[in-house]
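*Asks:* Single-letter residue listing:
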Amino acid sequence: MGQYRAWLEAYGAAFLDAAAWTLGVAVASFVCALLWGAILFFLRLNGGAWGRRAVDAYVQLLRNTPVLLPIYLIYFGFPLVGLLWPASICGGLALVLQNGAYICEIFRGGYKAIDRVQHDAAKSLGLMPWTAFRKVTLPQLLVHSIPALGNQAVLLLKDTSLLSAITVVELTMQAKVLTERTGAAYAPFLVAAVFYLFMVWAIEFLTRLALRGVRWR
Amino acid sequence: MQQVWPKIFARARTTPAPLASVMVLLLSLAAGQAQERSRLDEVLQRGSLIVVTLGTVPPFAFKDDKGELVGFDIDVARLAANALFRDPNKIEFVIVTSDGRWPAIESGRADMGVGGTTVYPDRAIRVAFTRAFIDSGISIMVAKSSGIKSLEDLNQEKYTVANLNNPQMADRAQLFFPKAKIITFDTPSGEFLAVKSGRAQALQIDTPTADYFAATSAKDFEVLPTLLTASQNNAIYLKPGDFKWWLWLDTFVSELRTGSLFPKYAEIYQKWFKKEPPPQKFYLPPAR
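Line by line, the protein sequences are chains A and B.
Per this note's numbering: the first sequence ends with 570, consecutive numbering throughout.
Per this note's numbering: the second sequence ends with 605, consecutive numbering throughout.
Read the hints as simulated data drawn from the structure, not as lab findings.
It is possible that part of the hints are untrue.
Distance ranges between label pairs, derived from CB positions [claimed, not checked]: (1) A:A555 <-> B:R354: 23 to 29 angstroms; (2) B:L544 <-> A:L369: 33 to 39 angstroms; (3) B:G558 <-> A:L369: 29 to 35 angstroms; (4) A:G401 <-> B:K498: 43 to 49 angstroms; (5) B:E385 <-> A:L421: 23 to 29 angstroms.
Note that CB positions come from ideal geometry on N, CA and C, so glycine has one too.
Please build the complete structure, drawing on both the sequences and the hints.
*Replies:* Given below as structure tokens:
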């Protein structure tokens, strides 16, 4: 164990920095992906036949390609049209585009789980469409969606490791750099794994908290 | 004590999942520490040599047009197999990415490693190296369109240099062009894509690899005439603590570089670098 302690003392600070990057990219991407997913879901619901088709095509395309592909395309492709965005933005955008598609599907599933009768009942009570959405649809939609959204947040967090391929020094890249410097086979990846574990654990905790929040209604 | 144990077990049941997983990881590491007999005996008994290598660093170790693993370092490994078994084909290659090299020997997946791997004191704490079998300098390749002609040109804030994630390059960037921005990739292909796409204007790479790429894509890239280092020791690496195995490998490299195997060394050196190797001893003429 001694070697691990010495190792942590020498390189612990670098890991904290990398963990901040992982967390920052993951949180920002997830918030944007939620928004993007909600917009897609809204278009699918209210955009008519063409809106539905367009969103479905988008979801199919993004869901059925490995996320590393859009990451590479945006990072190495955008400079060719003169857009030199930082690597973290490029990677984050790719994560938002894909996770938005997944989240749109989660919302769709949650919406379908609401009994048709609920909508009819809201209408017969004379609720305006917006009020019906806010008071009847949304609370149930959230109850149905939150566990899956928590899952998606975990997946997104782990996908941030792919940003190591485009020079973002997040946890995985930091582990790679340190394993290259020190020749330590396991310690860097072990430390990274522990960071990921605790982050996932925090997401699970927040998911439970959020679920309790909406169930209270 | 009788009262304490049930309490500990009672607590263990409520240990949060992350902690339990960490404990499992640590236990599995501790299990790998047991001492074993020399790897040399194991290799001889098995009748073949398992070598971990990289597949993306021409002309040291790379896949040729037919998809075959070839290169100078691959030939060195084959010479080792030949010295052990009188057969250069009694060998199995494990191809990994650069940061997969250390786990491959630490875990015992491979007997030794070779392939564009540089001796570095930070690494030598945990990895054993033989003496060097080749001097490989580090060169800077620049995009021709950048107009960079020297290291002094490069040392400006407006330039970005693509590195690999190894310590040599990070340290040399600090030393030679501290003002330039550094971005770090885990494969040479990432470095080249970065320069081609305009994300970086230059990249650091082993001199023989730079020469190889400059020959194949001469219209886009140029190798700066100044070397970042004239000498960089590339060697065979292995799991530390096995004196018998290390001694055999080090003796092999010594014979290769300065002794009985020098003619064969000169042959593969000529084949991959198109020039004569440095003389085997300072008082001997350069020819074989």
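*Asks:* Assuming the hint says 29 to 35 angstroms, is it satisfied by the Cβ distance from G558 of chain B to L369 of chain A or not?
*Replies:* 32 angstroms, holds
*Asks:* The hint says 23 to 29 angstroms between E385 of chain B and L421 of chain A; measuring C-beta to C-beta, is that right?
*Replies:* 27 angstroms, holds
*Asks:* Is 33 to 39 angstroms right for how far apart the beta carbons of L544 of chain B and L369 of chain A are?
*Replies:* 36 angstroms, holds
*Asks:* Could you tell me whether the CB distance from G401 of chain A to K498 of chain B stays inside 43 to 49 angstroms?
*Replies:* 48 angstroms, holds
*Asks:* Between the beta carbons of A555 of chain A and R354 of chain B, is the distance compatible with 23 to 29 angstroms?
*Replies:* 46 angstroms, violated
The structure fails to meet hint 1 from the earlier list, while all remaining hints are met.
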